[in-house]
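Enquirer: Build the full structure now, drawing on both the sequences and the hints.
Residue numbers (the numbering used here), protein chains in the order written: chain A, 1 to 259; chain B, 1 to 225; chain C, 1 to 261.
Derived by calculation from the structure, the hints in this document are not laboratory data. Worth double-checking, as some hints may not be accurate.
[Claimed, not checked] Computed list of lysine to aspartate or glutamate pairs in EDC-like fashion (alpha-carbon distance at most 20 angstroms, straight line): (1) A:Lys-247 <-> B:Glu-198; (2) C:Lys-34 <-> A:Glu-64; (3) C:Lys-87 <-> A:Glu-64; (4) C:Lys-34 <-> A:Glu-7; (5) A:Lys-21 <-> B:Asp-184; (6) B:Lys-137 <-> A:Glu-7; (7) A:Lys-38 <-> C:Glu-43; (8) C:Lys-34 <-> A:Glu-126; (9) A:Lys-98 <-> C:Asp-92; (10) A:Lys-169 <-> C:Asp-175; (11) A:Lys-130 <-> C:Asp-85; (12) A:Lys-21 <-> B:Glu-29; (13) C:Lys-174 <-> A:Glu-42; (14) A:Lys-21 <-> B:Glu-186; (15) C:Lys-87 <-> A:Glu-42; (16) C:Lys-34 <-> B:Glu-198; (17) A:Lys-250 <-> A:Glu-30; (18) B:Lys-124 <-> C:Asp-92; (19) C:Lys-34 <-> A:Glu-93; (20) C:Lys-232 <-> B:Glu-201; (21) C:Lys-153 <-> B:Glu-29; (22) A:Lys-169 <-> A:Glu-126; (23) C:Lys-100 <-> A:Glu-93.
[What the hints assert, rightly or not] Non-contacting residues of chain C with respect to chain B, defined by C-beta distances greater than 10 angstroms in every case (computed): (24) Asp-37; (25) Arg-57; (26) Glu-58; (27) Gly-84; (28) Asp-85; (29) Pro-89; (30) Asp-92; (31) Val-101; (32) Gln-114; (33) Ser-118; (34) Lys-153; (35) Ser-154; (36) Lys-214; (37) Lys-228.
[Said to hold, decoys possible] Between beta-carbon pairs, the in silico distance windows are: (38) C:Met-64 <-> B:Asp-71: 52 to 58 angstroms; (39) B:Asp-121 <-> C:Thr-192: 52 to 58 angstroms; (40) C:Arg-191 <-> B:Asp-45: 23 to 29 angstroms.
Predicted model, so just to flag it, every value in this text is computed and none were measured. Cβ coordinates follow ideal geometry from the N, Cα and C atoms, glycine included.
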Amino acid sequence: MVEVVHELTRTHIQRLAEMGKRIDGRDLEEHRPLTVEKGYIESAEGSARVHLGATDLLVGVKMELGSPYADRPESGVLIVVAELRPGASPTFELGPPKPPAIELARVVDRGIRSTDTVDVSKLGIEPGEKVWLLFVDIHILDYEGNLFDAGNYAALAALMNTTIPNATKLGEGKDAPLEVKHQPISVTAAKIGETIFIDPSLEEERIADARLTVVTDEKGHIRAMQKGLTGSFTVDEVNQVVALSQKIGKEIRKTIAEA
Amino acid sequence: MSSPKRAVVVPGDVLDGEGLKPGVGTFSEGGQIYASLLGIKRERDGYVDVVPVGGRYIPREGDLVIGKVIDLGPSHWLVDLNGPHPSPLRVNEVPWKVDFGDTARYLDVEDAVLVKIISLDETKRVIITMKDRSTRKLTQGRIVEISHARVPRVIGNQGSMISLIEDFTDTRMFVGQNGRIWIDGEIDDVVHAVTAIEMIESDAHVHGLTDAVRDFLETTYGKAE
Amino acid sequence: MAETPKLIDSKGKRLDGRKANELRPLTIEAGTLKRADGSAYLEWGNNKVMAAVYGPRECHPRHMAHPARALVRVTYNMASFSVGDRKRPGPDRRSTEISKVTSEAFASVVFLEQFPRSSIDVFVEILQADAGTRVAALTAVAVALADAGIPMKSLLAGVAFGKIGGTVVLDLGKDEDNYGEADVPLAIIPRTEEIVLLQMDGDLTAKEFQKGMKMAIAAAKEIYEVQKDALKRRYAVSVEALEAEEGAEEELKEETVEEEA
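Expert: Structural data, given as structure tokens:
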């Protein structure tokens, strides 16, 4: 379902953007207040609830025993799934995951996978037979914009909080914390007219011309990117977003580590 | 258990309406009046009512509301009123002479209109008009949305709150009964007016709300002469 | 098959130390979501539940709309991480059945005729499942519907009773649910004591059933108080605001009178 935006709201946001201002009074490089609560769900092996402004979502990590992929018989399997539950927004509908949910899951997955944040080669049990399946489920509770970043933060925090259920589910050895080797952090920028700002709110997201997500690691290297919407960025603008992601990512990495 | 004179009541609560008739947000059963809504109990003019504190806007006859055009046909526009259903605005209810199939020339999708609810039929279908004197197309300014339950607070006693904001910010405002507020003026002034409205909408300043809003406006604009 | 643990001791004390007619701890918060028209978050034992209400709104698909009244549709869903073994996302037979009977329970108290052609859509998410998720969901939904300003005859309270080790008890915990002899989830209108949802499986004598119902009705009234408290807490400040406004109105009147004098 598509929501029709007031033409007046669109013009207002565009005029503010021309002046380098935002509708909620934030600076262009200012993200909404971020809170991270690790270990929110006891029935999961790891979990975190994240509020990014009014956006509210939950990530649960489940570990199950299963079969490996044929081409990587010794490795565990990492699977990221996102559900845009219809309670989170009047625009979300019941039914199997639609393209926006799949894109969200894949972008969050890419940041984690490309950095080897979780070393899946250590999650094998019996080569070719039995390995750990690591499910990262992103569950949206309240949608107020920028699910890419909120999803990334919650997924990372949940992984940092995950215990491998060796004793409880495998029946061998002791439960042990999952090793999280890196902290890929996503920062999403949106563009309205010529103006670029980070962490778009719902109102901004609805009328943005273009969107760019950049995931950086703790060394500041670029580890995943995703450009969205119908507008375009110049090379300089992309570089500008990369620099913003490096800078802001550092601060957010700290918030998540300390949560 | 009966409720005190001024209290939050929930659906099913017994309303102690001794000698009063069941009003809005109530129902009676076995000679007893009950709340059907979550809200605040109010006794007025021989009726006991429950004033809603939240939920969706439900259209009422005579309300002036701000609508958003979401679709159009050859002889009508479909207008979202922030209520349960969009309402058709027919070409015979606008002040212009519109030829069949020529609707987009007058109002297009995304346009905002100030309309009046003339009536609701027996199945709650809403008839709206732009032929009333106070109605029109809103061509500039900005629209914000608040809960319809907060509309009286934004207006204030006899319009006191709204004129306070308009005077300081030098803007023009219109508060639709459906919780949509239109504000027009210089862009910075509009931003300040919105901040003031947000103060009213949040529950942070219940006591001395007017003073808090005036303080904010005085800090921004200096004291009124 | 694991051996059945001793669910109740000779003194009538249960595994978690509760008495037969004692509920697990219950807390509710109303209005927890921004986008929804009404919402509620509930913790009951180890259950964590979020309910969101949208509506009354245009009914989709259109052919389901009733010309003279609203359609109440409750969708019950368990998050994939809410249980020990990951639940595959999407509806299954169990959640579809729960959604149906819960929708019917609420259709019995909502004033449906006030909203012809509309739907009132409720989405309830079990974020963490203990036992008794359907009655926990139902209890949360009642608060979320009221928070959304939906007119109702009453709130509904959800509660279950069952039988463990031959004893009728209230509000089964997880092990009691797994190893117990009967489970009876209910939705009750607290004021009138009418039953609007009833399911049962297991083995009960008619006498045991009557005993359980008595406990459940007393418990429904207890739960109802927690529901009311959640709603009243959320809007306590609105009462103060209204009083402040009316106070201002009176002051204004006094001032006018003084001026006239």
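Enquirer: For every hint, state whether the structure bears it out.
Expert: Right, here's what the structure says about each hint:
For the given pair, Lys-247 (chain A) sits about 31 angstroms from Glu-198 (chain B) by alpha-carbon distance, which is inconsistent with the 20 angstroms threshold. About 34 angstroms separates the Cα atoms of Lys-34 (chain C) and Glu-64 (chain A), which puts this hinted pair outside 20 angstroms; it is violated. Distance restraint check for Lys-87 (chain C) and Glu-64 (chain A): the Cα-Cα separation of roughly 11 angstroms lies within the 20 angstroms cut-off, and the hinted pair is therefore satisfied. With a C-alpha separation of about 23 angstroms, the suggested pair Lys-34 (chain C) and Glu-7 (chain A) falls outside the 20 angstroms cut-off, and the hint is violated.
For the given pair, Lys-21 (chain A) sits about 18 angstroms from Asp-184 (chain B) by alpha-carbon distance, which is consistent with the 20 angstroms threshold. Of the pairs offered as hints, the one joining Lys-137 (chain B) and Glu-7 (chain A) holds, with about 12 angstroms between alpha carbons and a cut-off of 20 angstroms not exceeded. Of the pairs offered as hints, the one joining Lys-38 (chain A) and Glu-43 (chain C) holds, with about 18 angstroms between alpha carbons and a cut-off of 20 angstroms not exceeded. Using a Cα cut-off of 20 angstroms, the hinted pair Lys-34 (chain C) and Glu-126 (chain A) is violated, with the two alpha carbons roughly 47 angstroms apart.
Between Lys-98 (chain A) and Asp-92 (chain C) the CA atoms are separated by roughly 19 angstroms; this keeps the pair inside 20 angstroms, and the hint holds. Simply put, Lys-169 (chain A) and Asp-175 (chain C) have alpha-carbon atoms about 18 angstroms apart, close enough for the 20 angstroms limit, and the pair holds. Restraint check: the Cα-Cα separation between Lys-130 (chain A) and Asp-85 (chain C) comes to about 16 angstroms, which is no more than 20 angstroms; the hinted pair holds. For the given pair, Lys-21 (chain A) sits about 56 angstroms from Glu-29 (chain B) by alpha-carbon distance, which is inconsistent with the 20 angstroms threshold.
With a C-alpha separation of about 14 angstroms, the suggested pair Lys-174 (chain C) and Glu-42 (chain A) falls inside the 20 angstroms cut-off, and the hint holds. Pair hint Lys-21 (chain A) plus Glu-186 (chain B) holds up; C-alpha atoms about 14 angstroms apart against a cutoff of 20 angstroms. Distance restraint check for Lys-87 (chain C) and Glu-42 (chain A): the Cα-Cα separation of roughly 15 angstroms lies within the 20 angstroms cut-off, and the hinted pair is therefore satisfied. Between Lys-34 (chain C) and Glu-198 (chain B), the direct Cα distance comes to roughly 15 angstroms. Compliance with the 20 angstroms bound is thereby established for this hinted pair.
Straight-line distance between C-alpha atoms of Lys-250 (chain A) and Glu-30 (chain A) comes to about 14 angstroms, which keeps the hinted pair within the 20 angstroms bound. Proposed proximity of Lys-124 (chain B) and Asp-92 (chain C) is contradicted: the alpha carbons are some 36 angstroms apart, above 20 angstroms. Among the hinted pairs, Lys-34 (chain C) with Glu-93 (chain A) is consistent with the structure: their alpha-carbon atoms are about 17 angstroms apart, no more than 20 angstroms. For the suggested pair Lys-232 (chain C) and Glu-201 (chain B), the alpha carbons sit about 18 angstroms apart, so the restraint of at most 20 angstroms is met.
Between Lys-153 (chain C) and Glu-29 (chain B) the alpha-carbon distance is near 10 angstroms, which keeps this suggested pair within the 20 angstroms criterion. This hinted pair checks out: Lys-169 (chain A) and Glu-126 (chain A) have alpha carbons roughly 15 angstroms apart, not beyond 20 angstroms. Between Lys-100 (chain C) and Glu-93 (chain A), the direct Cα distance comes to roughly 18 angstroms. Compliance with the 20 angstroms bound is thereby established for this hinted pair. Not every Cβ of chain B is farther than 10 angstroms from the Cβ of Asp-37 (chain C); the closest lies at roughly 5 angstroms, contradicting the non-interface assignment.
The non-interface label for Arg-57 (chain C) is inconsistent with chain B: the shortest C-beta to C-beta separation is roughly 6 angstroms, within 10 angstroms. Against chain B, the non-interface label of Glu-58 (chain C) is violated: not every CB pair exceeds 10 angstroms, the least being about 5 angstroms. With a least CB separation of 36 angstroms from chain B, Gly-84 (chain C) remains clear of the 10 angstroms interface cut-off, as annotated. Even its closest Cβ contact with chain B, about 39 angstroms, leaves Asp-85 (chain C) beyond 10 angstroms, as expected for a residue assigned away from the interface.
Listed as a non-interface residue, Pro-89 (chain C) keeps its Cβ farther than 10 angstroms from every Cβ of chain B; the least gap is roughly 29 angstroms. Non-interface status of Asp-92 (chain C) relative to chain B is upheld: no Cβ of that chain comes within 10 angstroms, the nearest being about 31 angstroms off. The Cβ of Val-101 (chain C) sits about 21 angstroms from the closest Cβ of chain B, beyond the 10 angstroms cut-off, so the non-interface label holds. With a least CB separation of 8 angstroms from chain B, Gln-114 (chain C) falls inside the 10 angstroms interface cut-off, contrary to its annotation.
Residue placement check: Ser-118 (chain C) does not keep its beta carbon more than 10 angstroms from all beta carbons of chain B (closest about 5 angstroms). With a minimum CB-CB distance of about 6 angstroms to chain B, Lys-153 (chain C) fails to clear the 10 angstroms threshold, and the non-interface call is violated. Residue placement check: Ser-154 (chain C) does not keep its beta carbon more than 10 angstroms from all beta carbons of chain B (closest about 3 angstroms). The claim that Lys-214 (chain C) is not at the interface with chain B holds, since no C-beta of that chain comes within 10 angstroms of its own (minimum 21 angstroms).
At roughly 5 angstroms, the least C-beta separation between Lys-228 (chain C) and chain B is not larger than 10 angstroms, which violates its mark as non-interface. Roughly 21 angstroms separates the CB atoms of Met-64 (chain C) and Asp-71 (chain B), a value that falls outside the hinted 52 to 58 angstroms. Between Asp-121 (chain B) and Thr-192 (chain C) the Cβ separation comes to about 33 angstroms, which falls outside the hinted range of 52 to 58 angstroms. At about 28 angstroms, the beta-carbon gap between Arg-191 (chain C) and Asp-45 (chain B) stays in the expected band of 23 to 29 angstroms.
Comparing the model with each earlier hint shows violations of hints 1, 2, 4, 8, 12, 18, 24, 25, 26, 32, 33, 34, 35, 37, 38, 39; every other hint is respected.
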